[in-house]
Structures are given as structure tokens and as C-alpha cells.
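Undergrad: Heads up: the sequence shown begins at 1 in the numbering used here, then just goes up one per residue.
Hints are computed from structural coordinates only; laboratory data are not their basis.
No residue lacks a Cβ here, since even glycine has one placed at the ideal position from N, Cα and C.
Heads up, simulated SDA-like pairs for lysine to any residue below, C-alpha to C-alpha not over 20 Å straight-line:
#: 1; residue 1: LYS212; residue 2: ASP296
#: 2; residue 1: LYS171; residue 2: LEU191
#: 3; residue 1: LYS103; residue 2: GLN69
#: 4; residue 1: LYS103; residue 2: PHE59
#: 5; residue 1: LYS101; residue 2: MET76
Cβ pair distances, simulated, as ranges:
#: 6; residue 1: CYS239; residue 2: GLY64; range: 56 to 64 Å
#: 7; residue 1: SER189; residue 2: LEU367; range: 36 to 44 Å
#: 8; residue 1: ASN112; residue 2: SER197; range: 42 to 50 Å
#: 9; residue 1: LYS75; residue 2: MET341; range: 44 to 52 Å
#: 10; residue 1: LYS325; residue 2: GLY303; range: 15 to 23 Å
#: 11; residue 1: ASP170; residue 2: LYS259; range: 32 to 40 Å
#: 12; residue 1: LEU252; residue 2: GLY303; range: 15 to 23 Å
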Amino acid sequence: MPAEGDTLSAFLTECPVDSDDDDAESVVEIRERGDEGALAADILNDLNTDSIRSLKRNFLHVGGEDGVQEGEFVKMMLAYLLPTGLDEEIDPEEELDRVGKLKELFAEIDVNGDGTMQWEEFTEFLIEAGMVSREEMSVDAVKKYHPSPLQDNTRHDTMIEEIRYFPRIDKIAVLEHRALNPKVYRAESCLLQRSLSGEHVQSVLAVEHCFKAPSKAAVKAGDETSNGFSYLVTAGGDCRLNFWDASSCNSLFHIPTGKEHVTTMCWFNDRLFTGSRAHRFGPQRHHTAGFIHHWDIENMRDGGIVGGKKISDLCALERQSELKKFVHTEHVMDLCGISGMDVLCSAGMDAKIGMWDVKTMQLRKYLEKKESKGGQPEELSLIHISEPTRLLSISYAVFCLKKKKKKKK
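All chains, please: the whole structure from these sequences, using the hints.
TA: In C-alpha cells form, the structure reads like this:
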């Protein structure tokens with residue numbers, strides 16, 4: 001939260017109470033931005049920086065985390081807006097007018113309609129009305145979401161398992177349960193562009209967008225397609241990666257994945273990474289793992305296993321405890337890259353999150369969760385939050401989610 005009083009300083013300096021002609025024009029401009037801005041300007045124009053600090057303290061003291069109710073809000077605001085001097089009389093009509101405007105303002109600010117107003121809702125309203133710089137409230141601003149009129153009218157025969165949005169091409173990919181043909185939509189209209197059909201013979205498990213800009217030399221020569229590409233990649237139970245042109249959705253080529261069923265993909269640092277289901281790769285019983293591969297798309301081949309070990313090296317490990325140091329011993333369920341840190345995170349059904357250095361392809365650290373009661377594996381997934389956190393020294397956060405299990409009655 002910004003320092004007390006800072007959130008309204010921009011508004012108070014632009015709209016002083018005792019304004020000359022030039023300042024009066026700026027007040028009119030703000031009031032003409034819309035009914036919300038005009039109403040707030042009429043009420044809050046009499047406040048100053050000191051009263052804003054005091055108002056925030058009272059806001060939090062009276063309402064706490066739950067916020068203030070309408071009557072409490074009106075009473076607090078009247079204490080700051082009406083004359084308080086001993087020789088000054090309060091005009092009853094002015095007081096009634098202020099009360100009515102404050103009630104109307106409360107109704108406009110209470111965006112979630114719960115009958116209470118938090119300080120964050122109050123300051124966010126001022127931002128939306130154009131009175132406070134958004135940069136001053138970017139961390140604690142209350143986000144408002146509105147339903148979109150766009151609707152998918154396409155028939156889906158089975159359950160939708162995954163929806164991916166690719167901002168660079170502004171398209172949405174939809175994976176249905178056990179479907180062979182992922183659907184690609186134009187995001188701006190939510191209209192189906194094409195089904196990626198005719199290539200996979202088993203259900204598609206993952207989809208990703210791979211993009212590499214052409215080299216500067218190629219751009220100068222006028223050949224923008226040289227050394228650059230934009231592919232949609234699908235991974236199926238038929239152990240192959242199929243590459244499609246991201247614009248036309250035409251099939252281009254495929255790369256086999258051997259015996260591995262790819263369950264997740266991630267395009268990170270100009271490289272495609274895949275995670276697979278666990279399978280037995282060696283002669284001993286404990287030689288079972290889910291691998292993370294990186295792929296050389298331009299040469300259409302496997303770039304190797306992330307972790308610094310080859311299959312032959314892993315087969316030489318005699319104990320599972322040694323194997324755990326280099327790979328996931330269960331299915332790899334999700335991959336996520338952390339920008340600016342050259343770290344690829346992986347989540348496996350062995351209840352571990354791996355953090356891999358994408359430059360050296362070595363493991364940095366495992367974050368391991370203790371086994372739950374009964375020893376049953378838990379499915380993990382990753383979410384990368386790329387916005388700065390409240391602690392500026394921590395620029396990124398990675399969250400691990402697990403599916404809740406139903407309690408036995």
C-alpha cells in the first residue's frame with residue numbers, strides 16, 4: 001500500500017480549493033470526464049492531504065478488513081466535508097445534498113455489491129475516475145472483471161480438458177477429452193478457425209506455440225521467413241510431435257518422441273521443452289522415470305534429456321535414491337519457465353518441483369513435498385506470476401497447486 005495521503009496527492013494538487021482561473025479550467029476538465037468523476041470531484045474537492053491521511057486511518061479503524069457500511073461511510077465523510085468551526089453554521093439543505101451525494105457515491109464505488117466498501121475499492125474508484133495516477137496504486141488496486149459478450153458456439157462432443165491462449169498470435173487452442181483434433185479459435189471473435197486433424201492417431205495431450213524471430217541479417221535482406229518460424233505444436237499419445245503453421249494451421253512436419261508420451265510442453269528461451277509420462281527405460285525395476293527433453297526444431301531432432309545425464313548413465317544407477325537426483329520418478333505434469341532467471345520449473349506426480357538451469361541443463365534444486373497419508377501421489381501444476389510482488393527483491397513467484405481429494409465419509 002502506498003504511503004498514507006500519497007494516493008490522492010495528484011488529484012489534490014490538480015484541484016486546489018482556492019483555485020485561480022487556470023486551475024478552474026483543469027477542475028472542469030476532470031468533471032467533464034464522466035458522471036463518476038464529476039460526482040467524486042464535487043464531494044472530494046474539499047479534502048486535503050492531511051484529511052486523506054486521517055480518513056484512511058478512520059476507514060481501517062471503523063471497518064477493518066471487512067470495510068465500512070454505507071452509514072459509516074456517510075458519517076465519516078460528513079465529518080471532513082461539513083464546516084467544523086464554532087462560528088460556522090451548517091446549512092440543512094447543504095447537509096442533505098451532501099448525504100445524498102455520498103450515498104450515491106457509495107453505491108458507485110461498491111463494485112462487488114456486498115454493502116461494504118474497502119479502502120482499496122475507494123482508491124480504485126478514484127483511479128478509474130481519472131483523479132489518481134494508476135502507477136501510484138498499481139500494487140493494491142482492486143481489479144474489476146466484466147463478462148465478455150463473446151461466446152463459443154462450437155459443438156463439443158466431449159469434456160474440454162485444456163484451453164490455451166497464445167498472445168503472440170492472438171489465438172486460442174482447445175483440447176477435448178481423448179480428441180484427435182485440437183480446435184484453434186481466433187481470440188478476438190471466438191470463432192473457430194480450424195481443427196488440427198488428420199495427423200494424430202491417438203488423443204492429443206498437449207499443445208504449445210513456438211516462435212522465433214528472423215535474424216537481423218535476414219530482415220535487412222528482406223527475407224523475414226529465413227531463420228524464423230511460428231509453429232503450433234501438438235503432442236499425442238502416438239508418441240510424436242506434430243508441427244503446424246501458426247497462421248494457416250497447415251501441417252508441416254513431425255518429430256517422433258520414441259516410447260515417450262508427452263504430457264506437457266513449454267516454449268522458453270527460444271527452445272521447446274517437453275515433459276512425459278513415466279515409463280520403464282532400463283533393466284531394473286526402479287528404472288522408471290518421467291523425462292524432460294529439449295528439442296532442436298530447426299534440425300527436427302531431440303536435443304537430449306534435461307538433467308545432464310544420458311539414458312545409459314541413468315541405467316547405471318543402482319538405487320532409486322540416486323535416480324531421484326536427476327529425473328522425476330513419476331509423470332511430469334507441468335512445465336513453466338521463469339523469465340529473467342533462466343530457470344525451468346517442472347511439476348511431477350512424485351510430489352516434487354524441479355528447478356532446472358536452461359543454460360547448463362542441470363538441476364538447481366528440488367522442492368519436495370512430504371508424502372500424504374496413504375502414500376498416494378498428488379497431481380501438481382504450476383502457475384508463473386510474472387508481475388512484481390510486494391517485496392521488490394522477489395521479482396517472481398511460482399505457485400504449486402494440487403487437486404483436493406474428497407474426504408471419506
